[in-house]
Amino acid sequence: MKVTLVVFSGDMDKVMAAFNIAIGAASMGIEATMFFTFWGINVLKRPNPPSKAKGFIRSMLSMMSPASAHKLPLSRLNMLGMGPLMMKKLMKQYKMPDVPEMISLAKNGGVKLIACTTTMELMGVSKDQLIDEVDKLAGVATYLSKASEANINLFV
Amino acid sequence: MKVTLVVFSGDMDKVMAAFNIAIGAASMGIEATMFFTFWGINVLKRPNPPSKAKGFIRSMLSMMSPASAHKLPLSRLNMLGMGPLMMKKLMKQYKMPDVPEMISLAKNGGVKLIACTTTMELMGVSKDQLIDEVDKLAGVATYLSKASEANINLFV
Amino acid sequence: MKVTLVVFSGDMDKVMAAFNIAIGAASMGIEATMFFTFWGINVLKRPNPPSKAKGFIRSMLSMMSPASAHKLPLSRLNMLGMGPLMMKKLMKQYKMPDVPEMISLAKNGGVKLIACTTTMELMGVSKDQLIDEVDKLAGVATYLSKASEANINLFV
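Chains as they are written, first to last, in my numbering: chain B, 1 to 156; chain R, 1 to 156; chain C, 1 to 156.
Just chain B, same shape as in the assembly:
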């Protein structure tokens, strides 16, 4: 039994749901792999990346995208950032891990984190802008071969 998750969304709530499933799987001894694509790539960005995206459109995209897992928006009730702040406070109050903590828990459990190369090319994100926890940079072929071995394959 294996699990794969395509993390397309960069919304904090959806990303948390994906990590909950991956961490849950890992704790049950199930191999889990997460593919971060499109807005999901923001989850894997370093808080202070060494370099910047090149080109006007990429720079604008970069400017308008969350800087890292610490600054993800909510899919609903984002309210200019108030929603995520409130959600984080709630989570802290109930001793629930936030996304950066979930990344650590996932890694400790053996969850594999893969960054989508097509997204990196499109968005102008380079390897040195990503956190060290990333296991691999890969494309859709790698995803499909992993997913073909799994029977729980989700798109988040």
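The hints are simulated quantities; they were obtained by calculation from the structure and are not laboratory data.
Please note that a few of the clues may not be correct.
The list makes no distinction among identical chains, and a pair is therefore deemed to hold if it is satisfied within one copy or across any two copies.
Unchecked claim - As a list, the in silico EDC-like pairs of lysine to aspartate or glutamate whose alpha-carbon atoms are at most 20 Å apart:
1) Lys112 with Glu149
2) Lys95 with Glu121
3) Lys2 with Glu149
4) Lys146 with Glu31
5) Lys2 with Asp135
6) Lys71 with Glu101
7) Lys89 with Glu121
8) Lys92 with Glu121
9) Lys88 with Glu121
10) Lys54 with Asp135
11) Lys107 with Asp135
12) Lys88 with Glu101
13) Lys107 with Glu31
14) Lys146 with Asp135
15) Lys112 with Asp128
16) Lys54 with Glu121
17) Lys71 with Glu133
18) Lys89 with Asp128
19) Lys71 with Asp128
20) Lys112 with Asp132
21) Lys112 with Glu133
Dock chains R and C against chain B, hints included.
Then chains R and C, alone, in the frame of chain B:
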């Protein structure tokens, strides 16, 4: 053959799509299980819940969340509630069931409805605020063991 | 090994992700089937459809929906259409196909495109409003029987 659906979204259109698949499966004799998590928990709320969420943030979350399956927003063209009203009118005109009717159809077909305990804790939703149609309160481990027996596992 | 994708979303970014997976699968010799439902039906509309939706609500829905695969919005940073324009420019710059080109690539690779009949009825979309590339009009039973043969089943 089995089907599981993680209903993360609380949007009427997405929730309807999830129920369509579950009800379709049930009518073909396929076992279907729906896990309601995060915004999806709103689908399972009673129209007039006996108690209220405690704490400032939870109260605000509760206040800004749809009260029940009767009042879900649309993922697009919500237009301050006009969209869902129009959609419901269209559905009535074409004799399509709305979400509360879909819950009945699903239950009659043997679809299992599970409420996510982590979400309930986070959002301050108690058991007595949920509709009677809920079969079980459970966490990610229950989801994963159900999904591991199924080959159609979707995240909505 | 087979792949099915429910394309519920009509957002350009999500639709592109779905096509990337389907085209990737096809290029690896994996049978892929895409079911376009709800907002996803907009992907399959002709740029200049011969007829119009009937009834007030359907006409409004039709008026507010993207006319075809050429005019899909983004799920984030749509910015009244500026986002999709920028994204398309970026994609062109990096020689990535846009959605209409992806439809051709998918068809050439043998990907099956299915339009959801329930959605067509609800939204008042007729067969002659859809592009020739559509292989079939079908409902949830067809989806479920296809998905039951596949182990990579995603909801986008």
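Could you place Lys112 and Asp128 in one of the four classes (within, between, both, neither) given a Cα distance threshold of 20 Å?
within (18 Å within a copy, 39 Å between copies)
When no copy is specified for Lys71 and Glu101, does a C-alpha distance of 20 Å or less occur within a copy, between copies, both, or neither?
Result: close within a single copy only, 13 Å intra versus 34 Å inter.
What label fits Lys146 with Glu31 when the C-alpha limit is 20 Å: within, between, both, or neither?
both (10 Å within a copy, 16 Å between copies)
Intra/inter-copy verdict for Lys89 and Asp128 if alpha-carbon distance must be at most 20 Å:
neither (31 Å within a copy, 25 Å between copies)
Evaluate Lys95 and Glu121 at a C-alpha cut-off of 20 Å and name the case that applies: within, between, both or neither.
between (37 Å within a copy, 11 Å between copies)
Please sort Lys2 with Asp135 into within, between, both or neither, judging by C-alpha distance up to 20 Å.
Classified as within: same-chain Cα gap 17 Å, cross-chain 27 Å, threshold 20 Å.
With identical chains treated as interchangeable, where does the CA-CA distance between Lys112 and Glu149 reach 20 Å or less: within a copy, between copies, both, or neither?
Cα proximity of Lys112 and Glu149: one copy only (15 Å, versus 23 Å across).
With 20 Å as the alpha-carbon cut-off, assign the pair Lys112 and Glu133 to within, between, both or neither.
Cα proximity of Lys112 and Glu133: one copy only (9 Å, versus 38 Å across).
If the cut is 20 Å between Cα atoms, do Lys146 and Asp135 qualify within a copy, between copies, both or neither?
The answer is within: 14 Å in one copy meets 20 Å, while 29 Å across copies does not.
Give the relationship of Lys92 and Glu121 under a CA distance limit of 20 Å: within one copy only, between copies only, both, or neither.
between (36 Å within a copy, 12 Å between copies)
Up to 20 Å between alpha-carbons, please classify Lys71 paired with Glu133: within, between, both or neither.
within (18 Å within a copy, 37 Å between copies)
Give the relationship of Lys89 and Glu121 under a CA distance limit of 20 Å: within one copy only, between copies only, both, or neither.
Result: close only across copies, 14 Å inter versus 35 Å intra.
In summary, the structure is inconsistent with hints 10 and 18 from the numbered list given earlier, while agreeing with the others.
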